[in-house]
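Residues in the sequence shown are numbered consecutively from 239, following our numbering.
Some hints could be false.
Unchecked claim - Listed next, with one range per pair, are the computed distances between beta-carbon atoms: (1) THR303 x ALA279: 14 to 22 Å; (2) PHE336 x VAL310: 31 to 39 Å; (3) GLY307 x GLY330: 14 to 22 Å; (4) SER286 x CYS332: 28 to 36 Å; (5) GLY299 x SER335: 31 to 39 Å; (6) LYS308 x CYS248: 34 to 42 Å.
What the hints contain is simulated information worked out from the structure, not anything from laboratory work.
Glycine included, C-beta positions come from ideal geometry on N, C-alpha and C.
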Amino acid sequence: MKKTGSPVSCADKMKFLSDATRLSVLEELLTGPKNVTQLNALIKIDQSLLSHHLAVLRHGGLVTTTREGKAVRYEIAEEAKAQMTGKALNLGCCHISFVGLPKKRQADELLA
Numbered sequence: 239m240k241k242t243g244s245p246v247s248c249a250d251k252m253k254f255l256s257d258a259t260r261l262s263v264l265e266e267l268l269t270g271p272k273n274v275t276q277l278n279a280l281i282k283i284d285q286s287l288l289s290h291h292l293a294v295l296r297h298g299g300l301v302t303t304t305r306e307g308k309a310v311r312y313e314i315a316e317e318a319k320a321q322m323t324g325k326a327l328n329l330g331c332c333h334i335s336f337v338g339l340p341k342k343r344q345a346d347e348l349l350a
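Could you put the whole structure together from the sequences, leaning on the hints where they help?
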């Protein structure tokens, strides 16, 4: 079992966060649980691609799911919630802050 805060566990967490879309998903989930349809309306990417990124985050233990009828609700995992500070996550080995960063969709519009 890897120790929390060890370089290996930190590197593993960074692999799960090494994509702008996954960071956007986490940022949206900081405001509360959402289903794929709600996230898709906010992030505006193909639903199958969004589902892939959610599966990666779930596999990394960063998000959890709850079935609500036909929909699946995603939220920040309890371990990360317990360490949340405002618009940032404390992953034990590092802090990920979303303060002052443009949202992906806003950045995309600026580049267009």
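- Query: What hint numbers does the structure not satisfy?
  - Reply: 2, 3, 5
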